[in-house]
Amino acid sequence: MWTWFHKLASPPHFYRTAALLSPWFAVPGLALIAWGTWQGLFVVPMDYQQGDAFRIIYVHVPSAYLSLMAYMIMATGGAIGLIWRMKLSHAVAAAAAPIGAAFTFLALATGSIWGRPMWGTWWEWGDPRMMSELILLFLYFGYMALRAAIDDTAKADKASAVLAIVGVVNVVIVHFSVEWWSSLHQGQTVFKRGTMDADMKTALLIMILGFTLLFGSMLLRRIRTEVLYRERRTRWVRDMILSPKGGG
Amino acid sequence: MDGLAMGGYGAYVWSCFGLTLLIIVFSEWRARIRHKRVYRDIEVRLKALEERE
Amino acid sequence: MKPRQQRMLAIGLAALGIAIAAGLTLRALEDNMMFFVEVSDVVAGNHPSERNFRIGGLVVGGSVQREEGSLDVSFEVTDTACTMPVVYSGVLPDLFREGQGVVAHGRIGDDGVFVADKILAKHDENYMAPEVAESLSKHQKDIQAAVARGTEGCNPNDS
Numbered sequence: 001m002w003t004w005f006h007k008l009a010s011p012p013h014f015y016r017t018a019a020l021l022s023p024w025f026a027v028p029g030l031a032l033i034a035w036g037t038w039q040g041l042f043v044v045p046m047d048y049q050q051g052d053a054f055r056i057i058y059v060h061v062p063s064a065y066l067s068l069m070a071y072m073i074m075a076t077g078g079a080i081g082l083i084w085r086m087k088l089s090h091a092v093a094a095a096a097a098p099i100g101a102a103f104t105f106l107a108l109a110t111g112s113i114w115g116r117p118m119w120g121t122w123w124e125w126g127d128p129r130m131m132s133e134l135i136l137l138f139l140y141f142g143y144m145a146l147r148a149a150i151d152d153t154a155k156a157d158k159a160s161a162v163l164a165i166v167g168v169v170n171v172v173i174v175h176f177s178v179e180w181w182s183s184l185h186q187g188q189t190v191f192k193r194g195t196m197d198a199d200m201k202t203a204l205l206i207m208i209l210g211f212t213l214l215f216g217s218m219l220l221r222r223i224r225t226e227v228l229y230r231e232r233r234t235r236w237v238r239d240m241i242l243s244p245k246g247g248g
Numbered sequence: 249m250d251g252l253a254m255g256g257y258g259a260y261v262w263s264c265f266g267l268t269l270l271i272i273v274f275s276e277w278r279a280r281i282r283h284k285r286v287y288r289d290i291e292v293r294l295k296a297l298e299e300r301e
Numbered sequence: 302m303k304p305r306q307q308r309m310l311a312i313g314l315a316a317l318g319i320a321i322a323a324g325l326t327l328r329a330l331e332d333n334m335m336f337f338v339e340v341s342d343v344v345a346g347n348h349p350s351e352r353n354f355r356i357g358g359l360v361v362g363g364s365v366q367r368e369e370g371s372l373d374v375s376f377e378v379t380d381t382a383c384t385m386p387v388v389y390s391g392v393l394p395d396l397f398r399e400g401q402g403v404v405a406h407g408r409i410g411d412d413g414v415f416v417a418d419k420i421l422a423k424h425d426e427n428y429m430a431p432e433v434a435e436s437l438s439k440h441q442k443d444i445q446a447a448v449a450r451g452t453e454g455c456n457p458n459d460s
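Chains A, B and C, in that order, are what the protein sequence lines are. Sequence positions in the first sequence follow my numbering and run 1 to 248. Sequence positions in the second sequence follow my numbering and run 249 to 301. Sequence positions in the third sequence follow my numbering and run 302 to 460.
It is possible that some hints are incorrect.
Short derived list, chain A residues pointing at chain C, Cβ under 8 Å [claimed, not checked]:
no., residue
1, T17
2, A18
3, S22
4, W24
5, Q50
6, P128
7, V169
8, Q188
Sample of chain C residues lacking proximity to chain A, with all beta carbon distances greater than 10 Å (derived) [unchecked claim]:
no., residue
9, L327
10, A345
11, P349
12, G362
13, G363
14, S364
15, A382
16, G410
17, N427
Quick caveat, the hints were computed from the structure, so don't treat them as lab data. The beta-carbon is built from N, C-alpha and C at its ideal position, and this holds for glycine as well.
One chain only, chain A, in its complex shape (with noise of 0.2 Å):
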């Protein structure tokens, strides 16, 4: 198992594994998100009080899990960077940071239109649930900021896994903001208490396990350039490139 777990974290072997693996995540995930579309925008009924606007929780419930997520690989790698000095898991942190950034803009953007004609806002300053998550985005943004104005890798890592780590708060706040306070979100429905039609569901479900598998192979094909960049002057990347076969 330990041997495994090194072979791989060895950056020559991800880099290489990873390229392989990408399509395996790839290829499922469009896959089941083609399906899952077709499903919520055609097939499942709509919904008895918001009609076929419902529909969009097939993009919105997905980017906002995803949103959470990519922020919790983010601050666990740094985690792991900082105790472990596990450069990978620095490669990790900051490959999440643009994919998760990509996410949390849609989980808004997709609110927002959503809101539009079901709430009757794009947008309400002050709601704790809306709030949070753009203060989600916020801390992404700060994160590759700072990543970007410390030209040392190793002194950015260590500064923005800090960041990260702190930011966790806001995202447990995100997740509970819409049970600790009144919001003009609803509750949650997949996990909780919510119902939902066994179609509807379904549906839901199959698009949110594609956009995660989609994810993971939008992230490690971000780790291989981050894993290529960090050991630019090592032997094995002058052999790699320098080599006829090469290789992208």
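Chains B and C: place on chain A using the hints.
Here is chains B and C on its own, set in the frame of chain A:
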């Protein structure tokens, strides 16, 4: 065509799905560009080193 | 202690400290973090007296009255314990209907009527097909019954 109208909410529903596709494609495009740039930079540096030797 | 364990301890303590600080801050901010106030709290006087604020509740069945030829509308909002009259002039969101959750932004007039300048609709965490919506849980039926008849004995004018 009724399916596309989404009971009058078509503009909202389709813009959400379209935006999601757009952002994911954009993110992947940026990732690819960055990978190529990192690779190219290393290649240029290594080639320059090799010629000097 | 090994250096690794020291780092682990340092990060653990820092995380704990941040969590406690965040918890205390949130406690202090609790009222400000509330997006709206329940009708019962308003009746009990637990609401900002000067500035505008938001109340939240369900629209009482049969209470919605629209003025012909204008956007003026009046209705009652309940949290199933207390009820409060609301007046509003403007466009209502698509989801606004009797029995539906609403959030009204505005202030309380001297007559105890809430004068809203903005109405938002709130929906619950349940999603179902129109034909399935008939079969609701006992709890939801109780709420609906309270919404349908309004509430008695708890009126902002009394307190």
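Violated hints, by number in ascending order, as checked against the structure = Checked against the structure, the hints that fail are numbers 1, 2, 3, 4, 9, 17, while the rest are satisfied.
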